[in-house]
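Colleague: In case you want the letters, here they are:
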Amino acid sequence: MELDFVLSREEARSTGKRELTYDLVIIGGGPAGLTAAVYAARKTLKILLISKDLGGQVLLTLEIENYMGYQYIEGRELVNKFKEQVTHFSIDQEIGEEVEKLDKEGEIFSILTRGGKKFRGRTAIIASGKRSRSLNVPGERRLIGRGVSYCSVCDAPFFEGKDVAVIGGGNSAFEAALDLVRITPKICLIDIASTWMADPVLVEQIEREKKVTSFQGHRVKEIKGDDRVEGITIEPLDGGKTRSLSVQGVFIEIGLVPNSEFARSLVKLNEAGEIVVDCASRTNIPGLFAAGDVSSVPEKQIIIAAGEGAKATLTAYQYLLRSR
Amino acid sequence: MALLKDDVKNEVREKFKKLTGQVRLVNFTQKLECHHCEETRRLTEEIASLSPKISSEVYNFALDKEKSQEYKIDKIPAIVVEGEKDYGIRFFGIPGGYEFNSLISSIIEVSARSTDLSSESKEKIGKIDRSVHVQVFVTLTCPYCPGAVEMAHKLALESGYITSDMIESAEFPHLVSKYGVMGVPKVVINEEFGFEGALPEASFVEEVIKAYESTKEAKG
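As you go down the protein sequences, you meet chains F and X in turn. Start counting the first sequence at 0; every next residue gets the next number (numbering that gives the first Met the number 0). Start counting the second sequence at 0; every next residue gets the next number (numbering that gives the first Met the number 0).
Every clue listed holds true.
Each computed BS3-like pair below joins lysine-lysine, with the alpha-carbon atoms no more than 27 Å apart: (1) X:Lys8 <-> F:Lys80; (2) F:Lys100 <-> X:Lys121; (3) X:Lys14 <-> F:Lys82; (4) F:Lys100 <-> X:Lys123; (5) F:Lys223 <-> X:Lys177.
Label-pair distances were calculated between CB atoms; the ranges are: (6) F:Arg321 <-> X:Gly196: 44 to 50 Å; (7) F:His87 <-> X:Met0: 31 to 37 Å; (8) X:Glu205 <-> F:Ser322: 39 to 45 Å; (9) F:Arg181 <-> X:Glu205: 37 to 43 Å; (10) F:Arg181 <-> X:Met0: 23 to 29 Å; (11) F:Glu260 <-> X:Asn59: 49 to 55 Å; (12) F:Glu73 <-> X:Arg129: 41 to 47 Å.
Think of the hints as simulated: they come from the structure by calculation, not from any bench. C-beta: ideal position from N, C-alpha, C; glycine also.
With the hints as extra help, turn the sequences into a complete structure.
Modeller: In structure tokens form, the structure reads like this:
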């Protein structure tokens, strides 16, 4: 492997002012949040950006071939471009912070961070994105880091020569399987759906691999092992017999869940936990908007998130004009 | 040919503009039988060339025995990041890939001689009065790992009793099997304690305190 040196991590930064009531507080620093910030800065609003990192899920994306303006760009490179555009403006930032609770007190939103800081805003945009979904089966939590992994690029090297299971049927599951196929003798690819969600190019590649055995329409019932993963139990949805597979690794790539817990008691969520928005990014709470993967807008794409972020700010701006 | 590309160098130079105190990178290496020894030495020297505040020294692990012992180096390649004193901050294996972030951050914080840990965390680790050794296992392709390494190094900088190592898993397979590493980041504290995954500051500190209290008697 060629050695490279990646500068991607944001240093923690705290320029938020607790005494101020901001015009707009943006929660999240992915494509939606950063675009929202640029649009707000151009409207000369007083804004605060709170985020765990700058870049969000794009930081974890290797190659991007569908963001307009770039035929091909690496995720972290695109994030750098976003950052350059944001740092062009003076924007108060709390980077390295996560939001614990979002509330509305009278007409003002109050934001409490994990670090115990409290900020206020006349409007807020939630753009906090999504994170990996877990299976919620016995053994899963206990065996994290002991054979259960949610990051195949991180952990694949530890499974050289070992039999593994990959759970999921989308692009990330197939990419994980393709990554693992080079180093493992046997891969069981297990998905609850009866047809693959992954792009046909990936499916064709996997179907050519003799090491991969597919179990479509199967549910994972349990991950077994005391100190290490020793196997999994799967069951076909059509009522067939439960079976045990002997594997030492389980890579879980079954999609994402929205980071909306901190707003759960305030705003309306849909069944998937996404914040419900209308076509102008408005939630059911006046002055509160949502954009990107955390919102109910269909299709999770960088370019869609960015566009939604812009729209949310413009709607928030109209709201501020009217309420003054 | 240089290891670092020009655009990366420029970005690092920019970050290093705010360095205040002197930082010394002490590299331990040897000519043979070490996978990334040569690259690690070159990286050390290239980084040092990016700021007048940074100096570098290179020692041969086998020949400069006294220095190896003084810095308690038991494996190579190793980089010590120190200020006017040794804070116990170590990188074992090359800090490439995402770990490059950890190296740069530790240089910046050692230069400032202070961290951005919360006052609660500082107060808690201020009570530690016996050695605590934190080892953070990483892979170079793990975007979550620098968070754990940086946290461990911050604790080492703040406490004279805490030492912390980044350990690049591919370079030290015997340690991977000794500690049963199957996912990263994995944090090992005082040999027998630890946790899997990246934790936020307060929980990380909590784990360190727990390990410290459990080993207090035995070591005391």
